[in-house]
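There are 2 protein chains.
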Amino acid sequence: MELLFDMSEYYNRLKKVKDSMEEHGLDVLLVSNPSNINYLSGYDAYSFYVVQALIVIKDQDQPYWIGRRQDANGAKLTTWLEDDHIYYYTDDYLHSTTKHPMDVIAHVLKQLRQDRRRIGLEMGSYYFSAIAYETLKGWLPDATFVNTTNLVSYVRMIKSARELQYMRHAARNAELAMQTGVDSIKTGVSENEVVANIYQAQMKGAGGIDGDYPSIVPLLLSGVKTSSPHLTWDGATFQGNEIITLELAGVHKRYHSPLARTIKLGKPSDRERRLSDALHDAMDAALSAVKPGEMCGDIAMAWTEAIKKYGFDKYDRLGYSVGLSYPPNWSEHTASIRQNNQTVLQPNMVFHLIPGLWEEDCGLEFSETFVVTEDGCETLADYPRELIVKEDVKGAPSQR
Amino acid sequence: MELLFDMSEYYNRLKKVKDSMEEHGLDVLLVSNPSNINYLSGYDAYSFYVVQALIVIKDQDQPYWIGRRQDANGAKLTTWLEDDHIYYYTDDYLHSTTKHPMDVIAHVLKQLRQDRRRIGLEMGSYYFSAIAYETLKGWLPDATFVNTTNLVSYVRMIKSARELQYMRHAARNAELAMQTGVDSIKTGVSENEVVANIYQAQMKGAGGIDGDYPSIVPLLLSGVKTSSPHLTWDGATFQGNEIITLELAGVHKRYHSPLARTIKLGKPSDRERRLSDALHDAMDAALSAVKPGEMCGDIAMAWTEAIKKYGFDKYDRLGYSVGLSYPPNWSEHTASIRQNNQTVLQPNMVFHLIPGLWEEDCGLEFSETFVVTEDGCETLADYPRELIVKEDVKGAPSQR
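Taken in sequence, the protein lines are chains A and B.
With full-length UniProt numbering, the residue at position 227 of the first sequence is 227, and numbering never jumps.
With full-length UniProt numbering, the residue at position 283 of the second sequence is 283, and numbering never jumps.
Keep in mind that the hints were calculated from the coordinates and are not lab data.
Honestly, I wouldn't trust all of these hints.
[Stated by the list, open to error] Heads up, simulated BS3-like pairs for lysine-lysine below, C-alpha to C-alpha not over 30 Å straight-line:
# : chain 1 : residue 1 : chain 2 : residue 2
1 : B       : Lys308    : A       : Lys99
2 : A       : Lys314    : B       : Lys76
3 : A       : Lys314    : B       : Lys291
4 : B       : Lys291    : A       : Lys99
5 : B       : Lys110    : B       : Lys137
6 : B       : Lys186    : B       : Lys137
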C-alpha cells in the first residue's frame with residue numbers, strides 16, 4: 001500500500017520528536033496514542049483497542065512497532081518500517097488474567113538493551129492504562145520513567161502542506177455532511193434517520209474525496225437535550241418548533257475538520273435570536289483575534305468581551321487544536337482556547353473553535369475549524385455562519 | 001428522559017455488584033468503564049473521552065456520578081440518580097498541565113469519608129489512564145487500592161430478558177446492514193461508498209428499530225488487506241475477482257449484535273472454497289458444542305478439531321462475550337472463546353464467535369452472535385452462513 005506522505009516528511013517528524021526527546025532528556029519514547037503512532041510510522045488500523053506501541057530510540061534511525069500478531073501484517077502494509085522492526089505478541093496475552101501485552105513490550109525493550117534508560121511514557125493516553133504502567137514498571141526496575149503524554153502531540157500541532165491539504169479535503173466532507181443533516185431535519189423524521197444520512201455523507205464524501213470515520217459520532221441534539229452537548233440521538237421524531245444543534249466532522253485520511261451549527265425548526269424565539277446574535281458576533285471577534293504571535297488566551301478574551309455586550313458570562317473552554325486523530329476524541333489534547341492559555345499561535349496550527357451558550361433547558365452553538373495563517377486565519381469550511389432557520393418545517397431549508 | 005430498564009433491574013444490578021464487592025473485600029468501587037457506568041446508572045453520552053467516574057459505596061443505596069460540568073445535565077437527564085448524587089469538575093481541569101479531573105474525584109472521595117477504605121479500581125479500562133491512577137494515589141495515601149477491572153463486566157455477562165430483547169433488535173439491524181453491504185459491493189464501486197451505505201443502514205435500522213453507533217467501525221477488507229483484519233476502507237474501487245470480508249454490528253440502545261461474512265466478487269478459487277468449507281463446518285461444530293455447564297475452551301476445541309480435518313491448525317482467540325458497549329471495542333473483555341478458557345457457560349450469556357482463517361495474502365471469516373440457552377444456543381442474526389458469491393459482479397447478489 002502507498003504511504004500517505006513522502007518519506008522526507010516522516011523523517012522530518014521523527015527528527016522533531018527526537019529533538020524534543022533530547023530537550024526532555026529522554027533516551028527512549030514509548031508511544032501509545034494511535035494518532036502519534038500513525039504520525040511517526042504511517043500505521044493505520046482500527047486495532048488500537050488492544051495494546052500497541054511504537055518504540056522510538058534516540059540513537060536509532062527506525063522505530064519499532066509492537067502489536068497483536070494478527071495486526072502485524074497491517075503494520076507491514078501501512079508503515080514505512082522494515083519487517084525486522086515489527087514485533088508482535090500472541091493472542092494468549094489478550095484479556096488474560098495472568099498475562100499482559102506489556103510483558104512482551106518490556107521483553108522487547110530488554111532485548112533492545114533499553115531497559116536501563118530514561119523512557120518517556122504517554123501516561124495520559126487512553127491507550128496506556130494504569131495496569132499497563134504497573135506491568136511495565138514491574139518488568140523494568142532499572143529504567144527511569146518520565147510522563148511525556150503530549151510530546152509527539154505538540155510536534156503534531158504545526159501542520160505540513162500535505163496535512164493541510166487533507167484537512168481542506170476533510171472540510172469539503174464536513175460541508176456535505178452538514179448540508180445533508182440540515183436537509184434531512186424535518187417534522188416527523190426521527191433523529192436516527194437524520195444521523196443515518198449524515199454518516200452516509202461523511203463516508204461517501206464530497207466530489208470523490210473518500211470519507212473516513214470520525215473520532216466522535218455526529219452529535220445531534222434537540223429540545224431539552226441541547227442543554228447537554230454530548231448526549232446522542234435516539235428514535236424520537238422532530239415535532240417542529242425546536243432548537244437542534246449538530247456537531248460533526250468531515251474526515252479524510254484520519255484528518256478531521258469539525259463543524260457545528262444550530263438549526264431552528266420553526267420560527268426562532270427572541271431569546272434564541274439573542275443567543276444566536278451573541279454567538280455570531282463573538283465568533284467574529286474571536287476569529288479577528290487570531291494572529292501569529294498572539295496567544296490562545298487572547299482569542300478566549302476577545303470572545304468573552306464580545307458576549308458580555310449581550311449580558312452573557314462564560315469561561316468554559318472554547319476550543320482546541322485538531323488534526324489527525326482516532327476515537328474517542330478528535331482534540332489533540334495540547335493547546336486549549338481558554339482564559340490564560342499562553343500557547344503562542346504559529347502559522348499552520350489548526351484549531352476547532354466551538355463556543356456554545358447553554359442555558360438550563362436550551363443550548364446553541366456554532367463552530368469553525370481554522371488554520372493560523374501568516375497574518376490571521378483561514379476557516380476551512382465554507383458554510384453560512386448563522387442560526388439556520390427552517391420555518392417551512394416540511395420543505396426545503398431556508399437561511400435567515 | 002425515560003430509563004431503558006425498570007428500576008428493579010438497576011437495583012438488581014447494583015446488588016450483584018455489591019455482592020461481588022463483598023467477595024473481593026471492597027468498601028468502594030470506582031467505576032471508569034463507560035459501559036459499566038451506563039449499566040449501573042443509566043448514564044449514556046459520548047462524553048467518556050473526558051474523565052468520568054461512578055462511585056459505588058457498599059453501605060450506600062445510590063452511587064455518585066462525577067464528570068465534566070457541561071455533562072452533568074446529561075447525567076440528570078439519563079440516570080436514575082438524584083441530583084445531589086451528581087458532582088462535576090470545571091473545564092480548567094481538562095487537558096491542563098497543572099490540574100487533573102482525578103483531583104476532584106479524590107476530593108469527593110474524601111468528602112464522602114471514603115479515603116481510608118479499600119477501593120476497587122478498573123485499572124485496565126481505556127478510561128482510567130496511568131496518570132489518573134498516579135494522581136488518585138497521590139491524593140489518597142491512606143486508601144488501599146485493588147485492581148478490579150472486570151468486576152462489573154462479569155456481572156454484565158448474564159443478560160436479562162430486556163437486554164436480550166435489545167440484542168435481538170440489534171440483530172435485525174445487523175442483518176439489514178450486512179445485506180446493504182452485500183448489495184452495494186460491485187465492480188467499480190469504491191470501498192468508502194459501500195461503507196457509507198452500511199453506516200446509513202446501521203443507524204436507520206430495520207423496521208423502526210433505531211440504530212445506535214457501533215463501538216467498532218465496519219471492517220470492510222478486500223484483496224491483500226483481508227490478511228490483516230483491522231485495516232479500514234479507503235477510496236479504492238472493487239476490481240472484480242476479489243475476496244471481501246465484512247465485519248459489522250447492528251446496535252440498539254448501546255447493545256451490539258456483531259456479524260461477519262465473506263463475499264467473493266467473482267468465481268471462488270478452489271483454495272477459497274476449501275477455506276470456506278472448513279470455516280462453515282467448524283462453525284457448525286463450535287455452535288454444537290455450546291451448552292450450559294460446558295466451558296468456553298470446549299467450544300474452541302470443537303472448532304480446532306473440525307478445521308484439522310481440512311489440514312488447518314489455528315489457536316488464536318475465536319470469540320468473546322458481548323452486549324452493552326462503547327468505543328473503542330464491543331468485547332466485554334471477560335470470557336474468551338479459546339483453548340483452555342475455563343469459563344463455564346450459563347444461560348443468557350452472549351458471545352460473538354468470529355473464527356477466521358488468514359493466510360499470508362488472503363483471509364476468510366464468518367461469525368455468529370449467540371445466546372446460551374437452557375440446552376444449547378440460539379444465534380441472534382438470521383443470515384446465510386456461507387461464502388457469499390457475487391459472480392455477476394455488476395448485478396444482484398446470488399448465494400451459493
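Hints versus structure:
no., hint, result
1, Lys308/B x Lys99/A, "holds, 28 Å"
2, Lys314/A x Lys76/B, "holds, 21 Å"
3, Lys314/A x Lys291/B, "violated, 59 Å"
4, Lys291/B x Lys99/A, "holds, 28 Å"
5, Lys110/B x Lys137/B, "holds, 13 Å"
6, Lys186/B x Lys137/B, "violated, 56 Å"
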